[in-house]
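The listed protein sequences correspond, in order, to chains A and B. Residue numbering for the first sequence is 1 to 442, as defined by my numbering. Residue numbering for the second sequence is 443 to 1175, as defined by my numbering.
To be clear, the hints were calculated from the coordinates, so they are not data collected in a lab. Even for Gly, the Cβ is constructed at its ideal location relative to N, Cα and C. Watch out, some of these pointers could steer you wrong.
Below are the DSSO-like pairs computed for lysine-lysine, each with C-alpha atoms no more than 30 angstroms apart in a straight line [what the hints assert, rightly or not]:
1) B:K574 / B:K534
2) A:K336 / B:K456
3) A:K357 / B:K835
4) B:K472 / A:K26
5) A:K379 / A:K201
6) B:K1101 / B:K1068
7) B:K534 / A:K130
8) B:K456 / B:K521
Partner residues aside, some chain A positions facing chain B, computed with beta carbon under 8 angstroms [claimed, not checked]:
9) F118
10) A292
11) Q296
12) L391
13) S397
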Amino acid sequence: MISQIFILSSKGDHLIYKDFRGEASKDSINVFYEMVTALSGDQTPVVMSHKDLHFIHVRQGGLYWVASTKTNPSPFTIIEFLNRLAALTKDYCGSLSEKSVRMNFALIYELLDEMVDFGYIQTTSTDILKNFIQTEAVSSKPFSLFDLSNVGLFGAETQQSKVAPSVAASRPIMSSRGEQSGKNEIFVDVIERLSVVIGSKGVLMKSDIQGEIRIKCFLPTSSEMRIGLNEELSIGKSQQKGYSSAVRVDECRFHQAVKLDEFDTFRILKVCPSQGEQTVMQYQLCDELPCAPPFQLFPSVQKDYVNRVLIFLKLRCDLPPKSTALNVSITVPVPKGSVSMSQELSSPDQTAELQPKNKALLWEIPRFPGGAQLSALFKVDVPGLSSASLLEVGPVSMSFELAKQTCSGLQIRFLRLAPTQTGLSQRWVRYVTHSDSYTIRI
Amino acid sequence: MPYFGSEEMVKELKRALSNPNVQADRLRYKNYITKVIRYMTQGLDVSALFMDMVKASATVDIAQKKLVYLYMCTYASDKPDLALLAINTLRKDCADPNPMVRGLALRNMCNFRMPGMTEYIEQPIVAGLRDKASYVRRVAVLGCAKMHSLQPNTDIDGTIVNELYALLRDPDPVVVVNCLRALEEILKDEGGVVINKPIAHHLLNRMKDLDSWAQSEVLTFLLRYRPRSDDELFDILSLLDSFLQSAHAHVAVATLRLFLQLASAHPAVQADALLCTSAPLLATCGAASRELRFAGLCHVQQVMRSQPGLFGTHYKRFFCGYSEPTYIKFRKMEILVELVNDENVALVLEELRSYCTDVSPELAQAAIAAIGRIAQTYSEKCLDILTGLLALKQDHITSAVIQMFRDLVWFCPQSTAAVCQTVEACVDSPQDSEGKQALLWLLGEHGDQISSAPYVMEGYIDGLKTELSSAVKMELLTASVKMFLCRPAETQDMLGRLLHYCIEEESDVCVRDRALLCYRLLQRGVEETRKVVTGPKSDPSMSVLTGRQEEPISQWASTFNTLGPLSGCDLCPQTAVISAADQPSSSAEKELLPESTDVTLSSPDDTEEEISLSLGPPLSHETFEKMWLDLEILQRQTMGFPRPRTALDTLQAALQLVKIQTLAFTPGATVPWKAYIYTRSTGTLILAELLQGDQHAPGIDESLVVSVKQQPVNQHAIRGFVSILKGVLGDVW
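Here chain A stands alone, though its shape is the one from the complex (with noise of 0.2 angstroms):
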C-alpha cells in the first residue's frame, strides 16, 4: 500500500502532494529529494529506503513520480502504477510538463482522490474515472501556428494532404464543453523501437525490434472498433521462412480488453477504446530483421601528423527512397584529452560539435532521404595522441527517427469504427520508428 504520493519539478519543486495514510511526515518529500540529487551515478535510485520508509519513482516528462511506502509491495505494481498515473495526467491535461501539472494541479488531487483511498488502488481507467473528475483541464499550450508547421515527432510531410499534425494528439481528452475542440477523432499509432548493434566489419550483430499499437481515443462514448492488421501477419519462431512478403514477430501481447476471436482467421483486433491513450497490442521480434538496417556507416580512423585523427565516416541510409529519416544524430567518442576539432561536411544544415565532456564529437543531420549517402570529414586535434588512442574512437551510436515507417513491416490494413457511433468522425493511423539504440562499432 502506498504512503504518499508526491510529484517534483527536477528543481524539487513540490507540485503534488498527497498523505494517504498520515504515517509519514511531510518532511519526507525534502528527504526524498536530497537522497536523489546526492546519488552518484551508479546507485540505483528507483527504490530507495530511509528508516522505513520506501520510495520508488519513475521520471516521465521531467519530473519524478514518487510513491513512499512502509510495507514491501510488488515493484512491479507500484512503477507501473506510477507510469499511468503519468499517462493518465498526460491524458487529461494534454501534456506532460512541469508547466501542465503546475496549471492543473486541482485535476490531478481529484484524480489522485479516485484512484487510490487510503494507500490502496482503486481504479486507473478512464472510462470510470471520466465519470467522476469534475475539473476541467487548462491546456497550457496556447495554439499557434509555429506547432502545426513544425516537422515534429510524426514527421507531418506537406506532400500528403491528410497527415495529422504532431502535435493533434495532444490535447486533453475531456475537452471543454464548447464544441469547437470536440473533434471526434481517433489516432491509432504503430510504434516501434529498434535496436541494433552492427560489428566492425558491417556484420548485423543483434537487432531488437519492440512495437506496439497504440490507441489515442477522444470519442465521447465508446463503441467497437475492429483494427486489421496485415492478414499474411505471423506469430511465433518455427514458422519456416517461405515467401518473404511474410511479416513476422516473435511474440505478442495483447490489452485484456482486446477481443481476439477474429484474430487467429483474419488478423483483425476488436476492441472498444476508452477515452485516452492506451496500448492494444506489444509485439516484440529478435534477431531477424525483415529488411535491412536503416543505415550503415564506413568509417575510417586515421592518425594524420603527430597529434591529430582523422575521422571519415560516410554513412548510407537503406531506406527506401520515398522514406526519411529525421533528427538523425550521430555520436562518435573520441580520444580523451581531444581539444580541437575542423570538420567537412556535406551540405549546410547537418552540423557538427566536439563535446570534451563527453569524450565524443555529435554529428546532426536533421533530415536524411532514403537511398541517399552522406559523408563528413572530421579532424580532431589530440595532444599526446598514441597509436593506442585511435582504440578509443568508436563505437559510433547514432539516435534518429523515421516516419510512416515500420522496420517489421507491420501495417494496418483498415480501421473500422461500428456504424452506431454518432457524428462524424475522423481516424488517423501513424507509423513511427524510433532508435532505442543504433551502435555500430568501428
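Got chain A; can you put chain B on it based on the hints?
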C-alpha cells in the same frame, strides 16, 4: 518552505475569502480556494484559513467541494475543534441522493485523522456498507479500516468484521478487494484476513472480473492459502495459468510468485512456470520505462540464481543501449557475465570490450571487472582483451585491469605466466590506491617471475613519503617481505629503508605495527619468516570451472516481487567489484597470522588429509531449525573441558575465523548453556549443537558436549570439523 512574507499572503487570502463580494462570485471564490490549495502543496502553512474553508464546503459545486475536503483532511489533525464544525455538512452529504456526493463525503470524513472521530463516522460507515451504490460501498469498506487505524488498540468490532467477510461476495470487484484489504488491516494482530478454501476459490473464480491492480493484490493474498490436496493444487494452477502471460508485468510476476510458492513440492511445475513467465519478464527488460526495465532486470537476476540457463539464448537482450542510465547497464553486465557459455563467449566479450572505453570511469571499470570474472572460465580470450586495454594508458583502465590480473592469478593459477609477462611489459603504473595494492600484491607474490619487480617496488619505496593511503603502505610492507624471501640480494637494502621509515617516521599506527611485526618476524630468521609469510598462491577452494552453484528456488522465492531485489545491497555492482578485489588481499593478510588459525586446519591426526571448511551462503533460523529436526545425530562427543569463559563475541569471532558460523547461543551464565553452529565442507553442510549441563547426561556435567548432524553424510568431514572445533575452543579457553 518558509516563504518570505507568507503571513501577509495568508492574511490577504483570508480577507478575500471572507469578502461577501467574492463569495457571491462563484468563479472568483473558487479561484481563491484553488490558490489556498496551491500554497498548501508548496508547503506553506495555511491552516489559519480553516474557518473560511469550512464555510466554502457548503456548495453544490462538486469540484470546489473536493478541493475544500482536501484542505480539511490535511489540517483536521491540527485544528480538531474547528474540524468538528465541518462534520455536520459532511454527514448531511452522506445522505445526499447522488451516490458520488455520498461517497465523496464519506471518504473524506474518514480521512480526518483526529481522535474522537470514531463516534461521528461509525454510523455513516455502517450505513455505507449497505448502500445501493457500489461506489459508496467501496469507500465504506475502506472506511472500516480507517476507523480501526484511528483507534488501533480498541477491541475489534465483531459485527463489522462479519459484515466485511460477507461483503467478499459483493458483485462489485473493487468492493471485494477492498474488503480483503480492510480485513487485513483490522485483523493484523490476529495474522490478517483468513483465506480458507471457500474464500480462496471464490476469489479465484472472480479473478477474471478484476482489473490488473486488484488481480495482483488478490494473488498476493492467495499466497497464504495452502491447498489441501494435489488435485486442488493443480485445479488452482490451471485456473491461474493464463495470468502467467498477462500483458501487465505486475500480474504476470505476482502469478509466478504464487506458482513458485504453491508448487514448492513440484519442481517440474515451477520450472514450467518460470519458462512461461520468461517472455513477459524479458519484455519488461526492454520496456520503454527505465524503472520497469530495472525492476525486470533485478528479477531476471533472481530467477537466474536457480535457473541460469533460462535466459541463455536471449543474451543479446541484455546488451546495453548507449542511452541507458548507468544503473541499468550495471545490471545488464552482471547478467551477461552469468549468461556466458561456449557459444556466445566471443560475442559477449566483444560487447563488453566496447563498454571499456565508456566515458564514465565507473562503467568502464565495471566492464573490465565483468571481463575479469569471465576470465576465470575463459582466461585466454579475456587476457588478450585486458592486455589490449593496457595500451590505452588511461589511469582508471590500467588500475582496473591490474586488479583483474590479481584476481585472475588468485583464482586461475595457470594464467600466472601470461599475467606476469604482461605486468612486466606494462610501463605505466596505476595511480589509485586499489590499483597500487593490486600491483604490489602481484609483485610480492610472483616476484620470482617478474624480473623487473624489485625496481618497480623500489620506486614505490622511494615515493613513500608522498603516499597517502595506509592500505598501500601495508601492502607494500607485506609485498617487500615476500620479495625479500625470493630475491634477497636485490631487496635487502630497500626493505631495510622501508622498515626504518615505517617504524621511525610513519604516523599511522597500523602501518607502524605492521612494520614492527615484519621486523620481528625477520629477526626470527628467514625460514621462520617464510613459514609465516608465504601462503597458498591461489585460492585453494576453487577449481577452475565451477560456476555459481544453482540455488534452490525457495532461497529467493520469498523475496520475489518485493522491493528486496531492487534495493538489495548484496546485488549492488560496486560491492561485487570491491568484494572480489578484497578477497586476495584479505587472504594475504590471513597468511600473516600464525598457522594455528589458518583457514585450512590440518587435523591432529597426520594420516588424514586436510579438510577445509567454508561459510557459504548464510542459513536462516527457520532452515536450520527444520534441518535440525529432520536429521539424525551422527556423532556426539564430549569435548573434555567446560565452555569457554570468554565473552561470547570473542567465541563467535574465533569460530568465524575458522569458518564456522554461529547461529544462536544462550546468553550469559544460564544453565544449561547451548550454542548452535554450522559450517560447510566439500559439499556437505554440518550442523552442530554445543551443550553444557545436559540433564539427560548428568555424569559429564561440567564438560561441553557437541552433537553433530550432517547432510549429506561424510564421516571424514565430521572428524575434521570436530577436531577444528576442539582446537578453536581449546585456544579460546
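| Restraint status (C-alpha distance of K379 (chain A) to K201 (chain A) at most 30 angstroms) | holds, 23 angstroms
| query | Is it true that the CA of K1101 (chain B) sits at most 30 angstroms from the CA of K1068 (chain B)? | reply | Distance ~22 angstroms between K1101 (chain B) and K1068 (chain B) Cα, so the pair holds.
| said: Checking one constraint from the list: CA of K472 (chain B) to CA of K26 (chain A), max 30 angstroms. Satisfied? | reply: holds, 26 angstroms
| query | For the hint on A292 (chain A), does the least C-beta distance to chain B fall short of 8 angstroms? | reply | violated, 18 angstroms
| message | Does Q296 (chain A) hold up as a contact with chain B if the rule is Cβ-Cβ below 8 angstroms? | response | violated, 18 angstroms
| query | Measuring from the C-beta of S397 (chain A) to each C-beta in chain B, is the shortest one below 8 angstroms? | reply | Hint holds; S397 (chain A) Cβ to chain B Cβ min 4 angstroms, cut 8 angstroms.
| Evaluation of the interface hint that places L391 (chain A) against chain B, nearest CB under 8 angstroms | For L391 (chain A), the interface hint holds, since the closest Cβ of chain B sits about 6 angstroms away, which is under 8 angstroms.
| said: Run the distance test for K574 (chain B) versus K534 (chain B): straight-line Cα separation, threshold 30 angstroms. | reply: Judged against 30 angstroms, a Cα distance of about 18 angstroms means the pair holds.
| Quick one, are K456 (chain B) and K521 (chain B) close enough, alpha carbons at most 30 angstroms? | Satisfied, since the Cα-Cα distance of roughly 17 angstroms is no more than 30 angstroms.
| field | Satisfaction of the F118 (chain A) interface hint, Cβ to chain B closer than 8 angstroms | value | With a closest approach of 5 angstroms, the F118 (chain A) hint holds.
| request: Take a quick look at whether K357 (chain A) and K835 (chain B) sit within 30 angstroms of each other, Cα to Cα. | output: holds, 19 angstroms
| task | Would you check the hint for K336 (chain A) and K456 (chain B), treating anything up to 30 angstroms between C-alpha atoms as holding? | result | violated, 62 angstroms
Violated hints, in rising order: 2, 10 and 11; the structure is consistent with all others.
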